[in-house]
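Starting from the known structure of chain F, fit chain L onto it as the hints suggest.
2 protein chains.
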Amino acid sequence: MANEKKTVEQITNRDVDFAQWYTDICKKADLIDYSSVKGCMIIRPYGYAIWENIQKNLDDRFKALGHENVYMPMFIPESLLNKEKDHVEGFAPEVAWVTHGGEEKLTERLCVRPTSETLFCEHFANIIRSYRDLPVLYNQWCSVVRWEKTTRPFLRSREFLWQEGHTMHETAEEARAETVQMLNVYADFHQNDLAIPVIKGVKTPSDKFAGAEDTYAIEALMHDGKSLQAATSHFFGDGFAKAFDITYASKDNTLKYPFQTSWGCTTRMIGGIIMTHGDDNGLVLPPSVAPIQVVIIPVAAHKPGVIEAATALYDKLKERFRVKLDDSDQSPGWKYAEYEMKGVPVRIEIGPRDIEAGQCVCVTRHNLEKAVVALDGIEDSVAAKLQEVRDGMYAKALENREKRTYSCRTLDEINEALEKNGDGFVKAMWCGEEECEDGVKAATGIGSRCIPLEQENVGDVCVCCGKPARHMVVWARAY
Amino acid sequence: MANEKKTVEQITNRDVDFAQWYTDICKKADLIDYSSVKGCMIIRPYGYAIWENIQKNLDDRFKALGHENVYMPMFIPESLLNKEKDHVEGFAPEVAWVTHGGEEKLTERLCVRPTSETLFCEHFANIIRSYRDLPVLYNQWCSVVRWEKTTRPFLRSREFLWQEGHTMHETAEEARAETVQMLNVYADFHQNDLAIPVIKGVKTPSDKFAGAEDTYAIEALMHDGKSLQAATSHFFGDGFAKAFDITYASKDNTLKYPFQTSWGCTTRMIGGIIMTHGDDNGLVLPPSVAPIQVVIIPVAAHKPGVIEAATALYDKLKERFRVKLDDSDQSPGWKYAEYEMKGVPVRIEIGPRDIEAGQCVCVTRHNLEKAVVALDGIEDSVAAKLQEVRDGMYAKALENREKRTYSCRTLDEINEALEKNGDGFVKAMWCGEEECEDGVKAATGIGSRCIPLEQENVGDVCVCCGKPARHMVVWARAY
Numbered sequence: 023m024a025n026e027k028k029t030v031e032q033i034t035n036r037d038v039d040f041a042q043w044y045t046d047i048c049k050k051a052d053l054i055d056y057s058s059v060k061g062c063m064i065i066r067p068y069g070y071a072i073w074e075n076i077q078k079n080l081d082d083r084f085k086a087l088g089h090e091n092v093y094m095p096m097f098i099p100e101s102l103l104n105k106e107k108d109h110v111e112g113f114a115p116e117v118a119w120v121t122h123g124g125e126e127k128l129t130e131r132l133c134v135r136p137t138s139e140t141l142f143c144e145h146f147a148n149i150i151r152s153y154r155d156l157p158v159l160y161n162q163w164c165s166v167v168r169w170e171k172t173t174r175p176f177l178r179s180r181e182f183l184w185q186e187g188h189t190m191h192e193t194a195e196e197a198r199a200e201t202v203q204m205l206n207v208y209a210d211f212h213q214n215d216l217a218i219p220v221i222k223g224v225k226t227p228s229d230k231f232a233g234a235e236d237t238y239a240i241e242a243l244m245h246d247g248k249s250l251q252a253a254t255s256h257f258f259g260d261g262f263a264k265a266f267d268i269t270y271a272s273k274d275n276t277l278k279y280p281f282q283t284s285w286g287c288t289t290r291m292i293g294g295i296i297m298t299h300g301d302d303n304g305l306v307l308p309p310s311v312a313p314i315q316v317v318i319i320p321v322a323a324h325k326p327g328v329i330e331a332a333t334a335l336y337d338k339l340k341e342r343f344r345v346k347l348d349d350s351d352q353s354p355g356w357k358y359a360e361y362e363m364k365g366v367p368v369r370i371e372i373g374p375r376d377i378e379a380g381q382c383v384c385v386t387r388h389n390l391e392k393a394v395v396a397l398d399g400i401e402d403s404v405a406a407k408l409q410e411v412r413d414g415m416y417a418k419a420l421e422n423r424e425k426r427t428y429s430c431r432t433l434d435e436i437n438e439a440l441e442k443n444g445d446g447f448v449k450a451m452w453c454g455e456e457e458c459e460d461g462v463k464a465a466t467g468i469g470s471r472c473i474p475l476e477q478e479n480v481g482d483v484c485v486c487c488g489k490p491a492r493h494m495v496v497w498a499r500a501y
Numbered sequence: 023m024a025n026e027k028k029t030v031e032q033i034t035n036r037d038v039d040f041a042q043w044y045t046d047i048c049k050k051a052d053l054i055d056y057s058s059v060k061g062c063m064i065i066r067p068y069g070y071a072i073w074e075n076i077q078k079n080l081d082d083r084f085k086a087l088g089h090e091n092v093y094m095p096m097f098i099p100e101s102l103l104n105k106e107k108d109h110v111e112g113f114a115p116e117v118a119w120v121t122h123g124g125e126e127k128l129t130e131r132l133c134v135r136p137t138s139e140t141l142f143c144e145h146f147a148n149i150i151r152s153y154r155d156l157p158v159l160y161n162q163w164c165s166v167v168r169w170e171k172t173t174r175p176f177l178r179s180r181e182f183l184w185q186e187g188h189t190m191h192e193t194a195e196e197a198r199a200e201t202v203q204m205l206n207v208y209a210d211f212h213q214n215d216l217a218i219p220v221i222k223g224v225k226t227p228s229d230k231f232a233g234a235e236d237t238y239a240i241e242a243l244m245h246d247g248k249s250l251q252a253a254t255s256h257f258f259g260d261g262f263a264k265a266f267d268i269t270y271a272s273k274d275n276t277l278k279y280p281f282q283t284s285w286g287c288t289t290r291m292i293g294g295i296i297m298t299h300g301d302d303n304g305l306v307l308p309p310s311v312a313p314i315q316v317v318i319i320p321v322a323a324h325k326p327g328v329i330e331a332a333t334a335l336y337d338k339l340k341e342r343f344r345v346k347l348d349d350s351d352q353s354p355g356w357k358y359a360e361y362e363m364k365g366v367p368v369r370i371e372i373g374p375r376d377i378e379a380g381q382c383v384c385v386t387r388h389n390l391e392k393a394v395v396a397l398d399g400i401e402d403s404v405a406a407k408l409q410e411v412r413d414g415m416y417a418k419a420l421e422n423r424e425k426r427t428y429s430c431r432t433l434d435e436i437n438e439a440l441e442k443n444g445d446g447f448v449k450a451m452w453c454g455e456e457e458c459e460d461g462v463k464a465a466t467g468i469g470s471r472c473i474p475l476e477q478e479n480v481g482d483v484c485v486c487c488g489k490p491a492r493h494m495v496v497w498a499r500a501y
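Listed in order, the protein sequences are those of chains F and L.
Numbered by our numbering, the letters in the first sequence go through residues 23 to 501 in order.
Numbered by our numbering, the letters in the second sequence go through residues 23 to 501 in order.
This is chain F alone, in the form it adopts within the complex (with noise of 0.2 Å):
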């Protein structure tokens, strides 16, 4: 594969078949292959590196904070499972179930993690005491599994990498703050890091994670116009306490409920970014978490000097960024179009005049920009080009979701909206009746995807039933 000539056309056209290019983009960029394991995929090493960063990033966001790591076992005996009505409703059709241990029968069923709040639970019920073990912030990295009929890489899959975070405190109040900062935590990464612009919001009652009173969760555009839930952050107040008998003796030494957030987000991510930011010459990567944030290609290698130029440069930049020197012998047409299809941010050319100018040729993958600068100085160059790089992936993001973002007053205007300009985020306000969102969905085909936290009026009454409206919804189909 890794020799295998590598063009353009091999991809799907994005604005022909965007599904179709999103699976040639995974194949062809190196992301992922597929198993005899239905609906799992196999993380290939570039996508994995991309994951790696995403990881490191995040995990010293979350540590900043206070958090701790931890690790829980992946099976829940279904008994625990079934503690929480809400939760084990939500999930228990969508668990793989390990019946048999060698040859063996197990007395109890133990299913797969699909997520760990009755695994966390138990264990605050063993370790905290007092008002003094409290906050416990604890975070998680692992797998999980929810069996999904129809599985697409990064996006669903039976499998999927994560980490969730799973934290208890004192008071409500400190509770619900934990699960805001966490939303902006998230938030502030794909802004900053991914170059992907999000709406914070919280979900309507009917889309609410199985036990939480609240979930919070950004909510980002794609290029064809769906909704990805990119991150969720979930306010339990006291019910899981409650079920799992979790207390501490308070500073007035009576017994109380703490109260309780988690949060996670998953590889998904990875398909965000291909999904937001790729293009018909393939993927393009933010700099944050690029595994070769800068290409080195050297053009008339064979001519004196210049693979000796281009590895001192390669030794100057490799002290600050991800970069990689390719010397191989494939042309460096070839190797353009290869490194466009993994998305490095910078590419630099450098051939026998630009050594002679003391110069080289930096291309920007996001708008394939060419421009000539120094080699004095190269270090500061390369910089301040990665930070244009994300400027303007984000800008170009940006500029998408506000061409596709459309208000609107009635269920007419949404469906002129869609079909006039296709698939988007629709504004419109909701009286907070679950029929009138079923009602939307119904007439339109979009689904209420958060309540900003970010309010505008955009009308007084319900898009759907005309009576007074509680709340601006953003709509969309989603993915």
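Just so you know, these hints were derived from the structure itself, not from any lab.
The C-beta atom is built at its ideal place from N, Cα and C for all residues, glycine as well.
A portion of the hints provided could be inaccurate.
[As the list claims (entries may be wrong)] If the Cβ cut is set under 7 Å, some of the chain F residues that face chain L in the computed set are:
(1) Val38
(2) Phe40
(3) Gln42
(4) Asp46
(5) Ser58
(6) Cys62
(7) Arg66
(8) Tyr70
(9) Pro95
(10) Pro99
(11) Glu116
(12) Val120
(13) Gly123
(14) Trp169
[Stated by the list, open to error] Lysine-lysine pairs mimicking PhoX-like chemistry, simulated, CA-CA at most 20 Å apart:
(15) F:Lys346 to L:Lys85
(16) F:Lys105 to L:Lys85
(17) F:Lys248 to F:Lys442
(18) F:Lys78 to L:Lys60
(19) F:Lys340 to L:Lys85
Then chain L, alone, in the frame of chain F:
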């Protein structure tokens, strides 16, 4: 728990009941907790932080040698597991089987990976085409499941965390060189970073990994004289390649089977650290992987200037070391016991008189020796102390091993040595026949651990049958 008063009386004496002492440390040093999932453990923040430091160290070593991380599915279809005969015979009896996804019975059972050779092989068959694709140097960090009957924290649990390297090479020589190289990485990591002396050797045929041609291992002697297999590295030849039909076009354009290795180490290493270095005061951690390398404890903290001086010291040290300042209102004595239990390599005590004299007191955990150290240049002094701790721990462990290593020429000598001096490594000659391996076990209770790469001649004939000897084997009771 965090606020419960700890004293050294709380743990069992190491030489009275080693097994109970071990369990006490796992619990009292806050490394693990149990859950309702039988045979699985919860790795708590302090235990998981050790694992993160191990991971980081090894991951850097692997990557420096050109290995890349990937992620394979956690499930293996039964038919895939069955593809290599020896492999399935070795693992099928101890795997967990998933039979249902949600409400539906699966058409084929899936096992939760006990190891991932079969998945890697299936993938290799997809991605390897020509000699230019070789070598493939992959590694995976994940959890695996083996349905053990008796379990102990870190040493043997139904689920454990590990890394598994999987590589493919053009020639048998290259693959064998990789196998030995990774054995050396493990040995170096154990000796230099974990301060655990190890014997490098090859397993006898009866003790090989299921499907391997040769299994290399490092064996470490625990404080109680039992051996721990600390890491393994396998040479597969082209057996799996043939079973999975993995071929490549060689330079001379003929189709050939590549040669394969795999190598792994697990959270079991944390058990090895505990049992090699721990004492009656608790855990003793090697500085390289200790979550806290230096703890600063203010003495007479209420006196003016003490907290300020302790904080200044903390600020000075935190750039170079993992350091904690404990300015909580527990007594210094409580804190000493607490951080001894947690195995923190260096403790710094600082009080009014120290400050006046421009000094502090450094206590090294492994020998509890106190030294007065000038505050001026403290960073270098602490670095030297940490090196001293590592060297002292290694010397102590080596001394224990030397003291407990017996060269024996007959089965009677073995029994006498073990009876007189307790468990340990027995060096004795072996003819190479499995019957004699079993014979030694039946007569003495100890099994072959490995055939050391560095051979010694402790006799000319097999310790069991008296026929000409082929190898010097190290024998021991094992975890």
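**Request:** Could you check the structure against the hints above and give me the numbers of any it violates, in ascending order?
**Result:** 1, 2, 3, 4, 16 and 18
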